[in-house]
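K.L.:
The residues making up each chain are set out below.
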Amino acid sequence: VPRSHPRVLTVSPKELLILQLLARNEVLYGLQLVTASKGRLKRGTVYVTLGRMAEKGYIESALEDPPPLAGGLPRRVYSVTPLGRRMLRAWTSGAKHLLPDFAR
Amino acid sequence: MTLPGGRLRALAARWCSQQTMDRLIDPVIADLQAESELAATTAHKTRVWILGQIAFFKVVICNAAGQLIRMPHDDDRAAMVRAAATFVAIAATCTVLLTAVPYVNFVWGTHPHSAILALYLIPQALPLSIPVALTVAVFLEFRNTPSHWRARLLVVVFALLSCAMSFALLSRIIPANNQQFRVSLARHAVFKGPSELRLDELHQLLARRGDQAATLAASDRRNFSRAYYTRWALVWAPLALSTFALALVNRRRRGRLASVLVGFATIAGYYALMYAARQLEAGGTLPPAGAAWGANVVFFLLTLVLMRPAGPWQAAHKGPPHA
Chain A
1 VPRSHPRVLT VSPKELLILQ LLARNEVLYG LQLVTASKGR LKRGTVYVTL
51 GRMAEKGYIE SALEDPPPLA GGLPRRVYSV TPLGRRMLRA WTSGAKHLLP
101 DFAR
Chain B
105 MTLPGGRLRA LAARWCSQQT MDRLIDPVIA DLQAESELAA TTAHKTRVWI
155 LGQIAFFKVV ICNAAGQLIR MPHDDDRAAM VRAAATFVAI AATCTVLLTA
205 VPYVNFVWGT HPHSAILALY LIPQALPLSI PVALTVAVFL EFRNTPSHWR
255 ARLLVVVFAL LSCAMSFALL SRIIPANNQQ FRVSLARHAV FKGPSELRLD
305 ELHQLLARRG DQAATLAASD RRNFSRAYYT RWALVWAPLA LSTFALALVN
355 RRRRGRLASV LVGFATIAGY YALMYAARQL EAGGTLPPAG AAWGANVVFF
405 LLTLVLMRPA GPWQAAHKGP PHA
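Line order of the protein sequences matches chains A and B. If you read the first sequence in my numbering, its first letter stands for residue 1, the second for the next number, and so on. If you read the second sequence in my numbering, its first letter stands for residue 105, the second for the next number, and so on.
Hints were generated in silico from the structure; no laboratory data involved. Just so it is clear, CB atoms sit at the ideal spot from N, CA and C, and this is done for glycine as well. The hints are all genuine.
Lysine-lysine pairs mimicking BS3-like chemistry, simulated, CA-CA at most 30 Å apart: (1) A:Lys56 - A:Lys14; (2) B:Lys149 - A:Lys38; (3) A:Lys14 - B:Lys149.
Computed from the model, here is a short list of chain B residues facing chain A with C-beta under 8 Å: (4) Arg127; (5) Asp130; (6) Pro131; (7) Ile133; (8) Ala134; (9) Asp135; (10) Gln137; (11) Glu139; (12) Val163; (13) Cys166; (14) Gly170.
Please build the complete structure, drawing on both the sequences and the hints.
P.N.:
So, in structure tokens, the structure goes:
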């Protein structure tokens with residue numbers, strides 16, 4: 001692990017939830033993640049978590065086409081990276097071994 | 105028609121980096137604009153606008169806090185974690201010791217619910233144990249590395265939070281606890297003394313004018329005045345001591361034992377100054393406010409002196425880092 005990125009390969013419960021939602025839906029924007037999480041993610045903090053996950057390399061983002069409104073900002077959509085997928089798989093399989101109930 | 109969030113974005117663009125704008129601010133504003141466009145009624149638009157504003161300010165606050173605690177160097181990060189652990193350990197030890205002494209002397213075995221009475225003593229110890237723990241933690245954990253400005257700022261922010269906590273304790277919680285403790289021990293109603301009056305009650309007593317002021321004896325007035333100003337001065341003790349410690353550790357490097365000794369000597373010096381000032385006040389040389397604030401003023405002045413840029417002599421005598 002590079003010394004300048006000590007937090008890489010760690011994952012918080014919220015980050016794991018975002019990885020699960022993105023793996024299920026391919027591409028989502030922030031508010032869609034908040035809605036899909038059924039209240040577990042908050043709209044005020046989801047972008048901070050997404051920014052941290054992008055720094056860790058778990059997700060990537062792209063801008064949608066600008067809206068038809070003059071001066072409107074394009075939405076940023078998020079998708080999971082191969083590293084994020086591997087992290088989700090590793091965590092899920094680890095959890096299944098440690099907690100058999102998790103597999104059901 | 106102006107789109108919602110335009111002003112917020114312009115405001116954020118003044119302070120935030122391009123990366124922060126791209127990753128945090130613009131997505132929040134884009135969500136706000138898209139949602140507002142989809143909202144059918146005015147009430148829904150208003151709700152979307154309010155939620156968008158709250159989300160924007162939450163993002164700004166979370167980002168600012170994240171930037172503050174994100175140390176660029178591993179050494180600073182490790183020093184902060186160690187300082188936090190040291191602070192908790194010393195604060196807990198001091199609190200236990202400062203609670204145990206009056207408990208053993210006055211309570212133990214004298215009351216059927218003596219264990220509950222110990223709880224009344226804990227808040228009393230905190231305004232003393234917090235500045236002690238903060239000062240020693242800074243001396244001990246920042247002794248080796250010239251700390252980054254973020255680490256120092258974080259210590260100052262923590263000191264200010266400690267001041268706020270001390271204010272809550274000294275203004276209301278401790279006086280109420282003291283009174284409850286005395287009533288429980290005496291098992292009948294007891295008149296409140298200076299230590300049992302809340303800060304606002306002391307202020308009201310001291311603000312009496314004319315005939316009302318005549319009802320307060322001169323000695324009582326002096327006692328109340330002393331209690332009032334001393335509490336205000338103790339509120340600021342964490343800031344006075346921790347800024348002094350930060351200024352001193354950045355001046356000269358020391359070993360572990362020397363850092364602990366200097367830390368406790370600083371604390372001893374602070375309270376010795378306070379005691380000496382109180383003696384002068386009792387003799388009538390100093391007014392109560394001057395006596396109470398004397399130690400804080402001396403330490404703030406010393407901090408200013410220590411914060412001057414190091415001259416060639418100090419730079420040459422700054423020792424190598426200790427292991």
